[in-house]
Structures are given as structure tokens and as C-alpha cells.
Amino acid sequence: MAAEFDITAWLLGARSAPVALFHASPSGALQAVNPAWTALTGLDAEQATNDGWLAALHADDQEATREAWKRAVAAGEAVTLEFRIRTSEGLLRWVRAIAQPDSDLRGYAGTWIDLTDSQIRENDLRQHQHMLEALIANSTDSIFVKDRTGRYLLANLASMETQIPGLGSAVGKTDADRYSAETARQLREIDLRVMQTGKPLTTEEELTLPDGRTRLHVSGKFPYFGEDGTILGIMGIGRDVTEQKALEARLRENEARLAEAQRLAHLGSWEWDIATDRVTWSDELYRIFGLEPGSTDLTFKTFVSRIHPEDRERMQAMWRQAFQDLQPVSYTYRILRPDGSIRHLSGKAHVKTDAAGKAVRAFGIALDLTELREVELQLRRSHAILQAEQEADLDGILVVDENGHVLAVNRRYQQLWGIPEAVMATRDADEMLKAVCGLVTDPQQYLVAQEPLRYDRVTRLRTEIPLKDGRIFERYTAPVLSSQNEYFGRVWFIRDITERKHMEEGLREQNRKLQELDALKSNFVNAISHDLRTPLTSIVGYAEFMEDEVGGALSTAQRGFVRQIQRNAARLEHLVDDLLDFARMDAGTFKLALKEADLGALAREVIGSLRPLADEARVEIVDDLPSAPLVAVFDPARIERVLLNLLSNALKFTAEGGRIVVSGETEGERVRCAIRDTGVGIAPEDVGKLFQRFRQLSPGMRQANGTGLGLSISKALVDAHGGEIGVSSELGKGSTFWFALPRRHADSPSTDG
Numbered sequence: 001m002a003a004e005f006d007i008t009a010w011l012l013g014a015r016s017a018p019v020a021l022f023h024a025s026p027s028g029a030l031q032a033v034n035p036a037w038t039a040l041t042g043l044d045a046e047q048a049t050n051d052g053w054l055a056a057l058h059a060d061d062q063e064a065t066r067e068a069w070k071r072a073v074a075a076g077e078a079v080t081l082e083f084r085i086r087t088s089e090g091l092l093r094w095v096r097a098i099a100q101p102d103s104d105l106r107g108y109a110g111t112w113i114d115l116t117d118s119q120i121r122e123n124d125l126r127q128h129q130h131m132l133e134a135l136i137a138n139s140t141d142s143i144f145v146k147d148r149t150g151r152y153l154l155a156n157l158a159s160m161e162t163q164i165p166g167l168g169s170a171v172g173k174t175d176a177d178r179y180s181a182e183t184a185r186q187l188r189e190i191d192l193r194v195m196q197t198g199k200p201l202t203t204e205e206e207l208t209l210p211d212g213r214t215r216l217h218v219s220g221k222f223p224y225f226g227e228d229g230t231i232l233g234i235m236g237i238g239r240d241v242t243e244q245k246a247l248e249a250r251l252r253e254n255e256a257r258l259a260e261a262q263r264l265a266h267l268g269s270w271e272w273d274i275a276t277d278r279v280t281w282s283d284e285l286y287r288i289f290g291l292e293p294g295s296t297d298l299t300f301k302t303f304v305s306r307i308h309p310e311d312r313e314r315m316q317a318m319w320r321q322a323f324q325d326l327q328p329v330s331y332t333y334r335i336l337r338p339d340g341s342i343r344h345l346s347g348k349a350h351v352k353t354d355a356a357g358k359a360v361r362a363f364g365i366a367l368d369l370t371e372l373r374e375v376e377l378q379l380r381r382s383h384a385i386l387q388a389e390q391e392a393d394l395d396g397i398l399v400v401d402e403n404g405h406v407l408a409v410n411r412r413y414q415q416l417w418g419i420p421e422a423v424m425a426t427r428d429a430d431e432m433l434k435a436v437c438g439l440v441t442d443p444q445q446y447l448v449a450q451e452p453l454r455y456d457r458v459t460r461l462r463t464e465i466p467l468k469d470g471r472i473f474e475r476y477t478a479p480v481l482s483s484q485n486e487y488f489g490r491v492w493f494i495r496d497i498t499e500r501k502h503m504e505e506g507l508r509e510q511n512r513k514l515q516e517l518d519a520l521k522s523n524f525v526n527a528i529s530h531d532l533r534t535p536l537t538s539i540v541g542y543a544e545f546m547e548d549e550v551g552g553a554l555s556t557a558q559r560g561f562v563r564q565i566q567r568n569a570a571r572l573e574h575l576v577d578d579l580l581d582f583a584r585m586d587a588g589t590f591k592l593a594l595k596e597a598d599l600g601a602l603a604r605e606v607i608g609s610l611r612p613l614a615d616e617a618r619v620e621i622v623d624d625l626p627s628a629p630l631v632a633v634f635d636p637a638r639i640e641r642v643l644l645n646l647l648s649n650a651l652k653f654t655a656e657g658g659r660i661v662v663s664g665e666t667e668g669e670r671v672r673c674a675i676r677d678t679g680v681g682i683a684p685e686d687v688g689k690l691f692q693r694f695r696q697l698s699p700g701m702r703q704a705n706g707t708g709l710g711l712s713i714s715k716a717l718v719d720a721h722g723g724e725i726g727v728s729s730e731l732g733k734g735s736t737f738w739f740a741l742p743r744r745h746a747d748s749p750s751t752d753g
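First residue of the sequence shown: 1, per the numbering used here; consecutive thereafter.
Do not rely on the hints blindly, as some may be mistaken.
[Said to hold, decoys possible] Heads up, simulated DSBU-like pairs for lysine-lysine below, C-alpha to C-alpha not over 30 Å straight-line:
#1 K434 <-> K468
#2 K348 <-> K301
#3 K348 <-> K513
[Claimed, not checked] Derived CB-CB ranges, DEER-like:
#4 L514 <-> T441: 31 to 37 Å
#5 T140 <-> D325: 56 to 62 Å
#6 L731 <-> V631: 35 to 41 Å
#7 A593 <-> A628: 58 to 64 Å
Hint data in this document are derived by calculation from the structure and do not stem from the laboratory. In this text, a Cβ means the ideal position worked out from N, Cα and C, and glycines have one as well.
Construct the complete structure from the given sequences, taking the supplied hints into account.
In C-alpha cells:
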């Protein structure tokens with residue numbers, strides 16, 4: 001049988017112990033406690049004995065503590081219990097009781113340990129842990145922890161939104177499991193940089209999933225350390241800014257569009273903080289005022305200083321009234337730019353008030369109307385000029401829109417048709433049409449022709465309208481179209497051509513008579529040319545007899561007379577040939593005797609025939625023709641006359657001591673001959689007259705006036721060959737006449753009939 005517990009001896013040993021000690025019977029009834037136990041619990045020894053200590057326990061812990069004690073005693077084991085007690089002051093404390101059975105089985109000796117402070121800390125820690133877990137779990141930002149290999153140790157739900165759908169938790173996986181290979185590589189490089197430098201890093205990351213979807217993240221990453229200071233991995237917080245970036249891009253785009261719209265419209269916006277007197281302008285408003293955007297700190301005084309002096313007081317009064325009425329205002333004013341130029345602006349403004357009704361802010365727009373005002377001014381000027389022109393015009397003018405409304409009509413139109421003022425006042429095209437129908441010879445036909453034109457956007461028509469009073473009107477009508485082909489109606493021009501028609505009839509009669517005279521002239525020229533052939537041939541023949549002294553020897557003077565007869569006979573024969581060719585051309589019977597010949601050789605023959613005349617005139621003729629033949633297809637007799645005409649003219653207009661150079665060359669598919677002289681030259685205004693029939697300029701240096709046929713027949717002959725003739729000249733410095741002939745001819749050679 002176990003010995004009785006000696007309380008006195010136990011107390012002597014436990015009294016000075018600094019920890020709470022107790023001794024209890026096997027049933028759990030306390031037998032003794034030391035002062036430290038009393039200090040902990042607030043119970044004295046008497047209150048604590050037997051089951052009194054159980055009464056001090058928290059009601060929720062009493063039964064569980066008693067049962068735990070019984071189980072430990074029944075098993076003969078040490079007792080370890082944790083429970084809450086309420087002290088005599090009403091405070092709740094957490095206690096851990098540890099008891100060991102005595103060796104003599106008289107009971108259990110143990111200690112109570114105060115866990116209150118550590119329990120509070122543990123509770124706080126658990127509470128903070130729960131809050132942190134809730135914060136991480138419910139955060140819209142991606143929160144994660146990775147080890148040094150890049151494997152996720154923690155990842156909240158938000159971090160799963162940008163990974164492969166259906167992958168599940170990221171814990172235990174790497175970025176290579178979650179994203180595309182390129183994205184995983186880039187993220188790993190960033191992680192390694194953080195771990196290598198040991199410093200936080202904020203980056204913008206583009207996360208591309210294997211399905212091609214892309215998200216933008218802004219991530220803050222930082223290393224986390226072990227107790228020994230070793231970097232164990234990285235922690236990070238990432239925010240999906242895809243939509244934010246898209247919104248920012250759209251905002252920038254909208255701002256750019258607004259700025260561009262303001263620039264295109266010459267429309268600026270402004271805002272005025274009345275309390276601080278700070279004014280904010282849009283970039284376009286700066287430009288309207290002739291300033292660089294943002295170049296000036298703006299106040300209301302700055303704005304007023306830019307207003308034109310003549311408008312300044314009016315604008316200040318307008319703003320004073322606006323602050324009283326607190327209503328939207330519209331206004332126009334002028335400003336002075338720094339360069340001194342004036343701009344015309346139109347403005348609108350609103351005033352905002354606080355709760356007390358005091359004006360605190362104003363905002364509005366300013367529209368640059370300068371160009372518009374200039375356009376309007378130009379339009380009014382053009383309209384005034386157009387009206388003046390219409391009224392001064394000898395034609396009647398009527399402009400009608402597609403609905404039959406008169407847009408414009410001049411007084412001449414009214415006068416020509418005799419339209420009453422009352423009808424004119426209606427501005428109704430149909431009423432005017434009725435008024436004029438009674439004047440035309442065929443009213444029904446006039447109406448039928450007029451109606452389809454009203455809606456016709458294409459037809460331009462000119463017609464003559466006979467009137468019953470004998471007058472004749474010419475009517476021209478056309479659609480009125482803008483530069484963009486917009487249809488605005490139709491314009492009608494009316495002109496009285498009665499006198500002109502009478503004149504035309506007279507001209508036609510005169511023309512008929514002139515044609516008859518021209519035919520008579522052509523017949524006369526043809527006849528007289530043929531009639532001159534016979535006596536001319538006789539004169540030439542007898543002159544040759546005399547030269548050969550058939551009728552007897554000639555004196556020196558007589559030989560001179562014979563040469564003069566021959567020279568003038570040749571000139572007359574040349575003139576007759578020209579007249580005959582002109583007659584044949586007019587009659588359409590002119591033909592060429594074409595053959596292949598050497599133009600150079602022909603030119604040398606003509607030069608030789610004219611050398612006596614040149615020597616007599618003391619003018620040098622220079623043969624600058626090439627030694628090689630200038631072969632072409634032409635009529636030698638006709639081209640000889642061309643050469644004679646051009647060389648004779650050169651002699652005629654070149655003074656003594658002058659020079660004439662004849663040259664030639666081959667130019668591709670034609671040959672060219674030029675006669676250059678050092679004569680008097682030709683005035684520019686006279687060059688166009690050279691090749692006209694019967695036109696002659698000055699009489700020349702040494703001969704009487706000719707017929708004026710030489711150059712015109714030369715041109716006609718060259719043209720007949722399919723060639724070209726021309727001249728270049730400078731007054732006082734000589735002239736160069738040239739002609740070119742084709743080396744080949746499409747027609748086969750023919751002869752005159």
C-alpha cells in the first residue's frame with residue numbers, strides 16, 4: 001500500500017522554485033501548489049485543492065482536460081495537457097500542464113507553463129498567415145515564388161490566367177510547361193539576372209501561349225534568401241496590363257486623332273481654372289495664335305493681350321457678363337500674332353460653378369475663320385464681278401436649277417424676249433418659258449425641244465430659233481457642273497444673230513462671186529501663159545540668131561543688147577513656167593517627172609549659170625557642196641527652178657562684196673541643200689509672209705519689184721515632192737534658205753501631160 005503524500009515536505013522543496021509546481025493525486029485532485037503556481041493562476045492553495053482547479057478552466061476545456069488526465073493515468077504515462085484558464089481578475093491565459101507519476105505511485109508531480117504570450121503570437125501569426133493566404137489567393141495580380149531552377153513553389157489563381165488552359169496549378173512546374181519556348185527563355189533570363197545581381201527588377205513581359213495568344217505583364221521580381229544569406233530563388237508580383245496597354249494605345253490614338261482633327265479644322269480648345277488663373281490651350285490653339293505649343297505660361301491676361309486692341313474691351317465686357325449670367329456664350333474676335341498678322345476667330349465658351357454658384361472654371365473652343373472669311377470675300381467679289389459681267393454681256397443669260405428655279409438671269413435676257421417684270425419676279429423658269437413661246441414661229445416644237453434638256457446632265461446644244469417678228473436667236477445650252485462633276489442645273493445663252501445672218505448671206509453671195517472671179521483668173525492665167533509661149537519662143541530663137549551673127553556681124557554694143565534680150569527672155573520664160581505650174585496646181589493637173597538624180601550636180605549647174613550675174617554684182621558664190629553625189633528622187637526641171645529662185649533672191653538682197661555659200665548633205669532618208677547669204681536679212685515679223693503668193697518684202701539691192709511668185713512656187717514644188725522648205729534669218733546679218741527632198745519616193749516617176 002502506497003505511503004501517504006507528505007504535503008509539508010513537498011512544499012518545503014517547491015516553495016522557492018520560480019516555476020509553477022503542483023502535486024496531484026492519481027484522480028487529478030490537486031494536493032499542493034507552490035507560490036509560483038498561485039501567482040500564475042490567481043488561485044490560492046485552498047481554492048486549488050481537489051477539483052477546484054478544474055473550475056478555473058475555460059468551460060470549453062474542462063471536460064476534455066479531465067478525460068485526457070484519466071487516459072494518461074490509466075496508461076501509466078506522463079500527463080501533458082493544454083487548456084485555458086480564467087484568472088481571478090477575469091483574464092484568459094493559455095497553460096500547458098506537464099506531470100510525471102511519482103516513483104512510489106503516491107500521485108503526479110508537475111508544472112504549469114504559461115503559454116499566453118507565445119499563444120497570442122501563434123494566433124497572430126496564424127491570423128496573419130490566413131490573411132496573407134487570402135490576399136494571395138484573391139489577388140488579381142499574379143503572385144509567385146520560384147526556386148533556383150525556375151520551378152514554381154507558390155502560384156496564386158491569378159497567375160494561372162495567362163498559362164495554357166487546363167494546365168492546373170503552376171506549383172511544381174516551370175515556365176517551359178506554361179508558355180511558348182521563346183517566352184520561357186525570356187522569363188528565365190530575367191530570373192537569372194535577378195538572382196545574379198541580388199537586386200529587385202521591374203520588367204514588362206510579353207507572355208505568348210502555345211496557342212498564339214499574347215498577354216502583356218508588368219512584373220516586379222526580387223530574390224529571397226536563406227538563413228545563411230544564400231539566394232534560394234525569386235519571388236514576384238505580376239500585373240496583366242494587356243487591356244490597360246490597349247486602352248492607353250487607343251487613348252493615344254484618340255488624342256492624336258483629336259489633335260489632327262483640330263489641326264485640319266483650325267479648331268483649338270482651351271480651359272481656364274479661374275481660381276488659379278491658369279489657362280490650358282491645345283496645341284492647335286497655340287498654332288492659331290502663332291506660338292509654339294507649350295512655349296508660354298498662359299493666364300487670362302496673356303490671352304487678353306493677344307486680342308486685337310479694337311476688340312479687347314468688347315471681349316472683356318463679354319466675359320464679365322458671362323460670369324453674371326453663367327450661360328454659354330458665342331463670340332467673334334480678332335487676334336494679333338507675334339509676326340503682326342491678324343487672324344479672325346470664332347469662339348464658344350461654357351462657365352462651370354461650384355455648389356455656391358460661384359464661377360470656378362471655364363472651357364471652350366476657338367475656330368480660325370481667317371481663310372473662310374477670305375474665301376467668302378473672294379466669293380462675294382466673284383459674285384459681284386459675275387453679276388457685272390452678266391449685265392454687261394450682249395447675250396441673254398439664264399441659269400436654272402434642276403427643280404426649275406431661276407438661279408441667275410440678266411437684264412439682256414429679259415430685253416431680248418420682252419418678258420414682263422411680274423413674270424421675272426416669280427423666278428420660275430416655267431413661267432418664263434410660257435412668256436417666250438408666243439414669240440417663236442413654232443411654239444409646240446420649241447417646247448418639245450426644251451423639256452428633255454431640263455434633267456439632261458450631259459448634252460451641250462447650239463440651235464437657231466426663228467421668231468415671228470423676223471428676228472433670229474441663237475441659243476446655246478450646257479449643264480452647270482462643279483469640278484467634282486456635281487450637277488447644279490443648266491445655263492442658257494440667247495444671242496440675237498439677225499444682223500449676223502444677213503451679213504453671212506451677203507458674204508456667201510460675195511464668196512460665190514469671188515469664186516467665179518478666181519476661176520476666171522485661173523483660166524486667164526492659164527490661157528495667157530500658153531499664149532505667151534509662142535512669141536517668147538520666137539524672141540529666144542531670133543536672139544540666138546543674132547548672137548550667132550546669122551544676120552551679120554554685131555558691134556560690141558549690139559552684143560550687149562542681145563545678152564540683155566536673152567537675159568530678160570529667160571526671166572520671162574521662168575515667169576511663164578511659174579504661172580503655168582500655178583495654173584496646173586489650181587486645176588489639179590500638176591504632175592512631176594520624178595527620177596533618181598544628183599542634187600549636188602544640179603546645184604553646181606545652176607551656180608555656173610548665175611556666175612556672170614554674180615560677177616557683175618561683185619558677189620562671191622561659194623560652192624561648198626560635197627564631192628560625193630547627193631542622190632535623191634526628184635523632178636530635175638522643177639528643182640532647178642527652186643535653186644534658181646533661191647539663188648536669185650540671194651543675189652538680189654546681197655550687197656557688193658557679199659558672199660553666198662551653197663552647201664548640201666545627206667540627212668538620214670533625205671538630202672538637204674542650203675543657200676546662206678550675207679545680205680540684209682529678214683525681220684522676224686516678215687518671215688511668215690515669205691512663202692505666200694504675190695507677197696514681196698523690200699525691192700532688194702539692185703532689181704525692181706518682182707511678181708512675188710518665186711518663193712511661193714518654190715514651196716509648192718518642194719511640197720509636191722514630199723519635202724520641206726524653210727528659212728532662218730537675222731535682220732542685218734543675212735539669211736539661210738534651205739530645202740530637203742526625200743531620197744526615195746513612194747510614187748513611180750511620171751511626166752507632165
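Outcome of the hint check:
For the hint pairing K434 with K468, the CA-to-CA distance comes to about 15 Å; that is within 30 Å, so the pair holds. As the CA atoms of K348 and K301 are separated by approximately 19 Å, the hinted pair is consistent with the 30 Å bound. For the hint pairing K348 with K513, the CA-to-CA distance comes to about 79 Å; that exceeds 30 Å, so the pair is violated. In this structure, L514 and T441 meet the distance hint of 31 to 37 Å, their C-beta atoms being roughly 33 Å apart.
Checked against the given bound of 56 to 62 Å, the beta carbons of T140 and D325, roughly 49 Å apart, lie outside it. Remark: the range hint 35 to 41 Å for L731 to V631 is upheld by a beta-carbon distance near 37 Å. One distance hint, 58 to 64 Å for the beta-carbon pair A593 and A628, is violated here, with the actual separation near 25 Å.
The structure is inconsistent with the numbered hints 3, 5, 7, although it conforms to all the rest.
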